[in-house]
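Produce the complete structure using the sequences and hints provided.
With positions in the sequence shown counted from 1, the corresponding number in my numbering is that position plus 7.
Rather than coming from a laboratory, the hints here were simulated on the basis of the structure.
The structure presented is a predicted model; accordingly, all values stated were derived computationally and were not measured.
Using N, Cα and C, we set each Cβ at its ideal position, and we do this for glycine too.
Any given hint could be a false lead.
[Said to hold, decoys possible] Restraint ranges, calculated between C-beta atoms of paired labels, are given here:
1. Gly476 to Gly270: 33 to 41 Å
2. Arg265 to Ile47: 48 to 56 Å
3. Gln209 to Ser29: 19 to 27 Å
4. Ser607 to Ile12: 29 to 37 Å
5. Ala514 to Leu153: 58 to 66 Å
6. Arg265 to Asn8: 48 to 56 Å
7. Glu276 to Tyr131: 21 to 29 Å
8. Asp230 to Ser29: 48 to 56 Å
9. Val245 to Gly476: 33 to 41 Å
10. Ile541 to Ser308: 48 to 56 Å
11. Leu423 to Ser29: 41 to 49 Å
[Claimed, not checked] Simulated pairs of lysine-lysine, PhoX-like, Cα-Cα distance not exceeding 20 Å:
12. Lys637 to Lys548
13. Lys284 to Lys211
14. Lys181 to Lys211
15. Lys283 to Lys322
16. Lys472 to Lys410
17. Lys472 to Lys548
18. Lys632 to Lys447
19. Lys419 to Lys548
20. Lys548 to Lys632
21. Lys410 to Lys284
22. Lys543 to Lys502
23. Lys143 to Lys40
24. Lys410 to Lys283
25. Lys543 to Lys447
26. Lys264 to Lys315
27. Lys143 to Lys33
28. Lys419 to Lys322
29. Lys40 to Lys181
30. Lys447 to Lys366
31. Lys300 to Lys264
32. Lys322 to Lys366
33. Lys322 to Lys284
34. Lys419 to Lys366
35. Lys502 to Lys472
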Amino acid sequence: NQEGILKRNDFTRQNILFNVDSRLNKVLSVGGKIAFSNEINRANGPTGGLSGEGFTVAGLGRTALVNSPNVSPYNKDGSYNIGSQYIGVQDNVGISQVGFYNPVPLLDLNRSDNENNHLQANVYVQIKPFPWLTLKTLYGVDNIYLDNEAFQTPVHGDGRTAVGNATSSYTKPKTWLWTNTAQFNYDIAEVHSLSLLVGSEQQKRTSYSFGLNRQGLSDPQFDVIQAGYNLNNSSNLVFGENYMLSAFGRLNYNYDKRFYLSGNIRQDEYSGLGQKKGTFWGASAAWEVANEKFWEDGGLSDIFSSMKVRASYGKVGNIGGIGNYESYSTYTTSLYGGIATLGLDAIGNPNLEWETSTKTDLGLSVGVLNDRITLDVAYYHNNIDNLILGVTQAPSTGLGSIKSNVGTMYNKGIELVLNATPIQGKDFSWSSSFNISFNKNEVTALAPGLLELPFSTSGNELTNKTLPGYSLGQLFVVRTGGVDPATGRRIFYTKNGEPVLYQHYVAPGSGQFNWSNPDGTSHAPITQASDGVIYKPTQPKAYGGWDNTFRYKGFELNALFTFQTGFYIYYGTQAGLRDQRYWNNEVGVLTAWQKAGDVSKYPKPYYNDNVSNGSTMPISENVVKGDFIKLRNLTLAYSLPSDIIRRIG
Numbered sequence: 008n009q010e011g012i013l014k015r016n017d018f019t020r021q022n023i024l025f026n027v028d029s030r031l032n033k034v035l036s037v038g039g040k041i042a043f044s045n046e047i048n049r050a051n052g053p054t055g056g057l058s059g060e061g062f063t064v065a066g067l068g069r070t071a072l073v074n075s076p077n078v079s080p081y082n083k084d085g086s087y088n089i090g091s092q093y094i095g096v097q098d099n100v101g102i103s104q105v106g107f108y109n110p111v112p113l114l115d116l117n118r119s120d121n122e123n124n125h126l127q128a129n130v131y132v133q134i135k136p137f138p139w140l141t142l143k144t145l146y147g148v149d150n151i152y153l154d155n156e157a158f159q160t161p162v163h164g165d166g167r168t169a170v171g172n173a174t175s176s177y178t179k180p181k182t183w184l185w186t187n188t189a190q191f192n193y194d195i196a197e198v199h200s201l202s203l204l205v206g207s208e209q210q211k212r213t214s215y216s217f218g219l220n221r222q223g224l225s226d227p228q229f230d231v232i233q234a235g236y237n238l239n240n241s242s243n244l245v246f247g248e249n250y251m252l253s254a255f256g257r258l259n260y261n262y263d264k265r266f267y268l269s270g271n272i273r274q275d276e277y278s279g280l281g282q283k284k285g286t287f288w289g290a291s292a293a294w295e296v297a298n299e300k301f302w303e304d305g306g307l308s309d310i311f312s313s314m315k316v317r318a319s320y321g322k323v324g325n326i327g328g329i330g331n332y333e334s335y336s337t338y339t340t341s342l343y344g345g346i347a348t349l350g351l352d353a354i355g356n357p358n359l360e361w362e363t364s365t366k367t368d369l370g371l372s373v374g375v376l377n378d379r380i381t382l383d384v385a386y387y388h389n390n391i392d393n394l395i396l397g398v399t400q401a402p403s404t405g406l407g408s409i410k411s412n413v414g415t416m417y418n419k420g421i422e423l424v425l426n427a428t429p430i431q432g433k434d435f436s437w438s439s440s441f442n443i444s445f446n447k448n449e450v451t452a453l454a455p456g457l458l459e460l461p462f463s464t465s466g467n468e469l470t471n472k473t474l475p476g477y478s479l480g481q482l483f484v485v486r487t488g489g490v491d492p493a494t495g496r497r498i499f500y501t502k503n504g505e506p507v508l509y510q511h512y513v514a515p516g517s518g519q520f521n522w523s524n525p526d527g528t529s530h531a532p533i534t535q536a537s538d539g540v541i542y543k544p545t546q547p548k549a550y551g552g553w554d555n556t557f558r559y560k561g562f563e564l565n566a567l568f569t570f571q572t573g574f575y576i577y578y579g580t581q582a583g584l585r586d587q588r589y590w591n592n593e594v595g596v597l598t599a600w601q602k603a604g605d606v607s608k609y610p611k612p613y614y615n616d617n618v619s620n621g622s623t624m625p626i627s628e629n630v631v632k633g634d635f636i637k638l639r640n641l642t643l644a645y646s647l648p649s650d651i652i653r654r655i656g
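Here it is in structure tokens:
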């Protein structure tokens, strides 16, 4: 069970797992696995933190930050303070101002719940007619049954205009997988070992969902979709399929458990691509140095209990994030007010093909103290070709983005993994694993005619760009230089680095300007389009984790820490907390500039100023380091003694 950071937000999960394996005779074996989980997630509506919610006035996380702290959510008689659609919409003299919803009735009366039943199962039959031949067929399913229920009260918030809003939808993605393999194993003279695996695989995924949206609630005492409403619309209508057909083979050879060679090849054909087929391959070699005679004769085995060097090179394919029909232009049907509709849903890309990567890996593994301490060091270089990203279309087209093969990119770096068992006793043990990767990412080219790839947050502001010579998703902002101590104005910089001062309000006839040079003369307004620059990377330079497991008799405590460093994020919430419209502010604005000579990072406050804080365009003032370390998982478990389990069984 988990509780969210917002009230009335919780998550529960229950799991059950069965495994069965049976060897019926010397030739035939059968088995299977069934895993089932039930997940229930309860919430109250949009948080303001998901894609598309960045500026929603109903986001519960946002309303807690920006609502005026001196306006009570309740009236004196205990009823909700909802005299108008918003809370705190008037200033101290009764003039209407911008405001936000009262979050309390939204917490009390709205809900957004979903229940996910997840079934994973497989069965297999294995035949071994000869000691050197194993035939196996495996069939598996992965089915999800997801119920979504949402309600917005007519009393307040987004549901008020619709006089109550209820949505119910059912989603059923289903996948089946059928794999057939033949494996040949053959040993020669006790020092040569060959293993050949050939096989085929089919996978089909079906996406299926439907739902109903109802508005115009007859009685606000009801909060279910089965109540009386006067308007019905279809919702969440989805049907789609994709299919993948694969053939593969792998050959392994080892000589005297010292030298290892391996090669593999596979061909995949995916229905969602325009160019459906992709052929991929790989080769690797390894040397178990510690198994050599000179290792022991030279006394090196007294220092290192194991040592292995390895190398690999290959080509792999990727279709992550590709939908069912990305290569096709599609239409959608719907129901609106009882009337059937038909409209263009998406524009396809018939030239879409596999994203491919050529990977080079070099590694060294060593162990000491009978492998109680092991170290793995690896160098990797991954060249990605036909990089698949969504290309944003011009607003005039009415389209969002089209998945395309847009260019090339590489990732290269070093990975370190250190495993140790510092304490190994009869009743108590401590095992630890630390890993860190140092990565360099760079986009080397984009498709012909494509100069850059912009990215907007929640569809409202452009904060990132991808272009050759830089890492993926660089922050794209207007640079700022703090606050001018003489005037209290925010200092902006043009693309060429020239300082420009901004003041939100200037009195008519004062001879001052909203945008001015340091000498007070007028300057053209600063805009992101003309003055934005590539500023900071969003890809971490290093990342990793530290996993610790402590065991005492039947108790086990596991703690997993993860970290990332060397990257930056755009802190858009900071812009909102410094907005000078009728919003709540962070406490730091109390130290804003007041008189000549003041040194402050907050400019002189002017009502309605949403430029100096970065709301109208992203500014470098709101770019912060994203470095973090967090406790990701903390688990305490207890295992029953084996004699008790035997008695129960």
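Next item on the list: Of all the hints given earlier, name the ones this structure violates by number, lowest first.
Entry: Failing hints: none at all.
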